[in-house]
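J.: The whole structure should be built from the sequences, with the hints applied where relevant.
Protein chains: 2
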Amino acid sequence: MDDIINTLSEAPLFATLTPSVLNDISKNAHPNAHKKGKILFIHGDPAEHYYIVKSGHIKLFRETVDGTQTIIDVLSQGNVFGHTLVFEENTYPYSAEIAESGIIISLPLSDLRDALYNDNTIAINMLRATTNRLRLREKELEHRSTQNASQRIACFFLRHTLQRKNDSLVIHLPYDKMLLAAHLGMQPETFSRALLKLKKDTGIRIEGSSIYLNTLDRLSSYVCSSCSERFPCNG
Amino acid sequence: MDDIINTLSEAPLFATLTPSVLNDISKNAHPNAHKKGKILFIHGDPAEHYYIVKSGHIKLFRETVDGTQTIIDVLSQGNVFGHTLVFEENTYPYSAEIAESGIIISLPLSDLRDALYNDNTIAINMLRATTNRLRLREKELEHRSTQNASQRIACFFLRHTLQRKNDSLVIHLPYDKMLLAAHLGMQPETFSRALLKLKKDTGIRIEGSSIYLNTLDRLSSYVCSSCSERFPCNG
Numbered sequence: 014m015d016d017i018i019n020t021l022s023e024a025p026l027f028a029t030l031t032p033s034v035l036n037d038i039s040k041n042a043h044p045n046a047h048k049k050g051k052i053l054f055i056h057g058d059p060a061e062h063y064y065i066v067k068s069g070h071i072k073l074f075r076e077t078v079d080g081t082q083t084i085i086d087v088l089s090q091g092n093v094f095g096h097t098l099v100f101e102e103n104t105y106p107y108s109a110e111i112a113e114s115g116i117i118i119s120l121p122l123s124d125l126r127d128a129l130y131n132d133n134t135i136a137i138n139m140l141r142a143t144t145n146r147l148r149l150r151e152k153e154l155e156h157r158s159t160q161n162a163s164q165r166i167a168c169f170f171l172r173h174t175l176q177r178k179n180d181s182l183v184i185h186l187p188y189d190k191m192l193l194a195a196h197l198g199m200q201p202e203t204f205s206r207a208l209l210k211l212k213k214d215t216g217i218r219i220e221g222s223s224i225y226l227n228t229l230d231r232l233s234s235y236v237c238s239s240c241s242e243r244f245p246c247n248g
Numbered sequence: 014m015d016d017i018i019n020t021l022s023e024a025p026l027f028a029t030l031t032p033s034v035l036n037d038i039s040k041n042a043h044p045n046a047h048k049k050g051k052i053l054f055i056h057g058d059p060a061e062h063y064y065i066v067k068s069g070h071i072k073l074f075r076e077t078v079d080g081t082q083t084i085i086d087v088l089s090q091g092n093v094f095g096h097t098l099v100f101e102e103n104t105y106p107y108s109a110e111i112a113e114s115g116i117i118i119s120l121p122l123s124d125l126r127d128a129l130y131n132d133n134t135i136a137i138n139m140l141r142a143t144t145n146r147l148r149l150r151e152k153e154l155e156h157r158s159t160q161n162a163s164q165r166i167a168c169f170f171l172r173h174t175l176q177r178k179n180d181s182l183v184i185h186l187p188y189d190k191m192l193l194a195a196h197l198g199m200q201p202e203t204f205s206r207a208l209l210k211l212k213k214d215t216g217i218r219i220e221g222s223s224i225y226l227n228t229l230d231r232l233s234s235y236v237c238s239s240c241s242e243r244f245p246c247n248g
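The listed protein sequences derive, respectively, from chains A and B.
To convert, note that position 101 of the first sequence is 114 in the working numbering; the numbers rise steadily by one, no gaps.
To convert, note that position 14 of the second sequence is 27 in the working numbering; the numbers rise steadily by one, no gaps.
As the list makes no split between identical chains, a pair holds if one copy fits it or if it spans any two.
Once the Cα atoms are required to be at most 25 Å apart in a straight line, the calculated SDA-like pairs of lysine to any residue come out as:
no., residue 1, residue 2
1, K210, H185
2, K210, S158
3, K40, N133
4, K51, E242
5, K49, E110
6, K213, H196
7, K190, S158
8, K212, T77
Simulated from the structure, these hints should not be mistaken for laboratory data.
T.: If you want it as structure tokens, here you go:
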């Protein structure tokens, strides 16, 4: 139980809640180990739970009537999903599949709903988080019009963990390239061509899930001239 | 003053507030008549006010360093914008321009902030509204991958005011076609070609800002087979 409360309190969404509110929302929480490929719920299912990723990766996606899949998001440790379905009589607006085996904690939306109507802090935290996500989506929509495929890949790189290693900068990709291609809404062959062009244009080196670069300037000026924000942006 | 409170209480965001809260948030409200082309604020300006459209149209947009404009939204009567900047030390994440002359009411974000921290109803209303907007954006992102330009135009048509007139169905466009093209993120020539294809494929007729169709079925099956939701959807 303490373990669940710890995981919750590490999620930015719940970080500022009092121990008593954390207790209330986690009293019916259940951690479950899931294997890659497991479907947690399908778009249109009645929404009864929301979830926190303790480990592994979750893919949120939608499918058109004629079978085309679009990835809404790929979530890692500490991310919460399904919580915006807290209002009455909702159904999930996407499907959720385990993209990399891990532990997912499920929590009843009804407990969150009670807390939401009793404690303004939760409502304000959720509003902040939803507003930030909305801005990210609006930026993504902008990039679909203003950036080419190579720039969109490089933009994803720039937003991910950067470390200094000897004389190089290293970016670690959180998950594999085919999932990344799908997340960016690209066909595998478009993604491969765009990645090749990116390497040629900016001199980055890719080894497995690590991207090496000599300076940030070359990559950031390559990407951010086609964005309305300046580097470094807030995500 | 009563006029301002009426406008506020007609906005879905504020519809469920008590008269006392409505009074609190509107005590420093100012209606202003603006001409087409007037810039209300620029992306990056410190956010001190939020706004309600009483009449006319507002275009929210962003511009990249190299000058490409992306339209975030075009808003009409009853729409509120800038309210998500209620948290401290924010700057506007887009620019706002009057797209059609009208009256815009400006209200201080500080009054909304006070009300937000004192009254859970506002936080919950704003959370509902922001969540709905987030879902719309996620659907738009899906459509950028799954729908062609003709389908995206038709999707916009289907989501706008539909009336029955003699034996036909009529859809009234809320604003002119060039603004619509920009709102959909299309170049004018792409938009014109896609509109021509749409007319040919579905038999719709366009006269000025009115679209005439014989049945909804043909248009909805043309559009919604490339969407993960069924017709009629919630926006």
